[in-house]
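Sequences are here, hints too, so could you generate the full structure?
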Amino acid sequence: MRLRGVTGEAMRDILSGTTHALLYAAALMAIMFAAAGAELLQLRSIGERIDDYVSSGASTYVVEYPGRIDARSCESLADAPGVHAAGAIRTADSRISFAVLPSTSLPLLEATPGAVQALASANSRDTRALTGSESSGVWLSGQAAETLGLTSGQTARLADDTPATIAGVYPSPEDGRSSNATYAVVQPVPGDGVFDECLIKTWPVPDSIESLALLSVGTVSADGDNRPTVRQLNTRFGSRLDSSALFSSRATAWMPALAGGVALALGFVAVWTRRLELASALHCGVPKPALVLQMMLETVSWTFAAAVLCLPLPLAVMHLWAGSAPQQIVVLTLRPMLAAALGALAGAVAASLCVRERDLFAYFKRLI
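Residue numbering for the sequence shown follows our numbering, beginning at -18 and increasing consecutively.
It is possible that part of the hints are untrue.
What the hints assert, rightly or not - Computed beta-carbon distance windows for the label pairs:
| id | residue 1 | residue 2 | range |
| --- | --- | --- | --- |
| 1 | R(-7) | R337 | 22 to 30 Å |
| 2 | G242 | R339 | 27 to 35 Å |
| 3 | G18 | S229 | 53 to 61 Å |
| 4 | S229 | S116 | 53 to 61 Å |
The hints are simulated quantities; they were obtained by calculation from the structure and are not laboratory data.
Beta carbons: idealized from backbone N, C-alpha and C, even for Gly.
Next up, the structure:
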């Protein structure tokens, strides 16, 4: 039997409804959507846990060593793998008061550009570069800005009538963070000299974070009791979050195999229900390879239709995914869909190979 004859017969079966292409395409599409959707929900849940962990400051580390943190060494940590921002902070000798509340003075902190960048993105997983206007003026913590009634971009008057531009307001939620910047005014300064702290925002957290953080120390005191300390900014979520373990142990890790297995059964049923028709064709002299090829072509028709109808899901993920690395999420979403498509084809081929001419009468009597 020639290829043209096989394709022609497959086309007639599809158009006449013998293949039940619409029914099986809808069933396979449901399998694909369910499998990909379940995977997507699991990945979103993992992403939200990571976002909560990083935005809480749990992956941000603080090196405390008053007067012995080297600003340049601290800032250079931003070039290390996994470090998003790093900068030094020190407490100024004087406090600062605003004209709106002259009787209330606020702590004044001096911070290098990297520290300001880390503070500005304190409640976010991502870290962005500061604009020119954000690098001049002063920054207020969220709590201080609320107390003073000031917002970013305003020009405020200090108690001595000196103007001060509010370059920005950084978040300072009361969520377990241990920081002297929770209620303070931050003045950006050049990244040079000695400071009290080095603030290091990371993700994923480097395995050697403590050793890495200590590279920010300039000189170590000869006093054995005076040593630098490295701590988490927020310990409420625990000391570590193993994102690799979360990913590998997710409930949908075996979803491609499950989707492929269910689709394989669907493909098998789609062909096996026509076993009497196929055995009759074999009895009439149709070669077995031609019959298998015909069933494959018919199965490809509804498998392809289901895949095309499911395409909006990965396309939507690519454009709407709020987390990082949307391309990787799309690949993970496509895996169960591809497994389902291959499973359907494998099931159809398996059923075609199981049909035997000598069982024609058994099929007719519905004994098999």
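Consistency of the hints with the structure:
| no. | hint | verdict |
| --- | --- | --- |
| 1 | R(-7) - R337: 22 to 30 Å | holds (24 Å) |
| 2 | G242 - R339: 27 to 35 Å | holds (30 Å) |
| 3 | G18 - S229: 53 to 61 Å | violated (20 Å) |
| 4 | S229 - S116: 53 to 61 Å | violated (42 Å) |
Violated hints for the displayed structure, listed by number in ascending order: 3 and 4.
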